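Full structure from sequences and hints, please.
In full-length UniProt numbering, the protein residues as written are 1 to 285.
Simulated from the structure, these hints should not be mistaken for lab results.
Check each hint, because a few of them may be wrong.
Label pairs and their calculated CB-CB ranges [claimed, not checked]: (1) D55 <-> L212: 22 to 30 Å; (2) P57 <-> H199: 43 to 51 Å; (3) K204 <-> R231: 34 to 42 Å; (4) L196 <-> Y219: 22 to 30 Å; (5) L215 <-> F98: 12 to 20 Å; (6) H65 <-> H199: 35 to 43 Å; (7) S120 <-> P57: 16 to 24 Å; (8) H150 <-> S197: 16 to 24 Å.
Since this is a predicted model, take the numbers as computed values, not measurements.
Ideal placement from N, C-alpha and C gives every residue a C-beta, glycine not left out.
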Amino acid sequence: MPKAGTRIALDLSELLGPLLYSWVVQLLLPVFLISLVHDKQHMIRIMMKVHGLGDGPYWVITYGHFLSISFLYMLWLATFGSIIGLDIFRLNNYPIQFLFYGLYINLQIVLAFLAGIGFSDVHSAAVVGYIYVFGSGLLGSFLFQFYIEHPEFSRKTLFIMELIPGFSLYRGLYELSQFALGGRYQGTYGMQWKDLSNHDNGIKEVLVIMALEWLILLYVSYYLDQLALARNGACRYSSIFTRNFKNRSIQPRVPIKIPSSTITVDQENSDIFDEVTRHNYSLQM
Numbered sequence: 001m002p003k004a005g006t007r008i009a010l011d012l013s014e015l016l017g018p019l020l021y022s023w024v025v026q027l028l029l030p031v032f033l034i035s036l037v038h039d040k041q042h043m044i045r046i047m048m049k050v051h052g053l054g055d056g057p058y059w060v061i062t063y064g065h066f067l068s069i070s071f072l073y074m075l076w077l078a079t080f081g082s083i084i085g086l087d088i089f090r091l092n093n094y095p096i097q098f099l100f101y102g103l104y105i106n107l108q109i110v111l112a113f114l115a116g117i118g119f120s121d122v123h124s125a126a127v128v129g130y131i132y133v134f135g136s137g138l139l140g141s142f143l144f145q146f147y148i149e150h151p152e153f154s155r156k157t158l159f160i161m162e163l164i165p166g167f168s169l170y171r172g173l174y175e176l177s178q179f180a181l182g183g184r185y186q187g188t189y190g191m192q193w194k195d196l197s198n199h200d201n202g203i204k205e206v207l208v209i210m211a212l213e214w215l216i217l218l219y220v221s222y223y224l225d226q227l228a229l230a231r232n233g234a235c236r237y238s239s240i241f242t243r244n245f246k247n248r249s250i251q252p253r254v255p256i257k258i259p260s261s262t263i264t265v266d267q268e269n270s271d272i273f274d275e276v277t278r279h280n281y282s283l284q285m
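Next up, the structure:
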């Protein structure tokens with residue numbers, strides 16, 4: 001007896017997994033890094049200081065600009081993913097997703113500020129930024145995921161690995177995709193608030209790690225940025241002073257001739273001659 005045809009529905013989230021999502025979410029990191037290094041290379045901050053704006057307003061303006069771009073980017077990604085039927089966005093609780101992606105985009109902005117301190121060339125920053133994005137995704141897919149799924153792997157070592165922002169993002173995406181996959185086959189929902197208390201669900205510790213890293217690295221990056229500005233300013237002042245000193249040293253010195261004044265005394269006038277003689281004798285005494 002012929003069997004009725006069945007429809008095979010393939011979900012992109014099952015085929016691609018968290019690897020593609022981690023790449024898509026992290027694509028803004030090299031963009032922010034390039035923007036910060038470009039400002040440094042073209043001395044935008046110095047121009048702002050000329051107009052009376054210090055380092056604080058620069059940080060607030062730039063951070064707010066990056067945050068608005070990240071928020072719109074993730075909002076578009078989640079909305080578009082829900083429309084086309086990606087279960088990782090459609091089935092999981094939206095407030096949990098908002099909290100997870102919100103913490104990560106703030107952490108990603110701070111990472112861009114921190115990494116921008118060590119670069120002075122836009123091309124080098126772009127290369128390193130994209131290598132980090134694709135490298136962390138590949139390591140997460142082929143190495144870190146194996147440790148997540150291995151029941152005998154040390155939880156402490158896994159926690160230490162999650163301190164790397166790329167791995168913490170991958171762990172969160174992995175948990176969201178697994179709960180979405182289970183909810184799809186069971187005909188229910190994905191991750192809910194009650195699932196955060198599940199011992200096997202690692203997204204709770206990922207949220208804590210991201211929040212703490214964001215606050216700590218925000219202070220560290222601002223402090224190191226001020227140190228770098230002070231060092232660059234001291235080096236610039238030292239180079240200017242050295243250059244001016246060298247310019248002065250190589251200038252030709254024109255000897256200054258002081259005309260010797262000769263005092264001629266008319267010896268015919270004996271009174272004046274005797275007075276001058278006594279004066280010179282008193283000076284020698």
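How the hints compare with the structure:
The hinted range of 22 to 30 Å is satisfied by D55 and L212, whose Cβ atoms lie roughly 25 Å apart. In this structure the supplied range 43 to 51 Å holds for P57 paired with H199, their Cβ-Cβ distance being about 46 Å. Between K204 and R231 the Cβ separation comes to about 41 Å, which falls inside the hinted range of 34 to 42 Å. L196 and Y219 have their C-beta atoms about 28 Å apart, which keeps the hinted 22 to 30 Å range intact.
One distance hint, 12 to 20 Å for the beta-carbon pair L215 and F98, holds here, with the actual separation near 19 Å. Here the CB-CB span from H65 to H199 is close to 40 Å, well matched to the stated 35 to 43 Å. Taking the beta carbon of each, S120 and P57 are about 23 Å apart, inside 16 to 24 Å as hinted. A C-beta distance of roughly 23 Å is found between H150 and S197, which places it inside the suggested range of 16 to 24 Å.
Taken one by one, the earlier hints all hold for this structure without exception.
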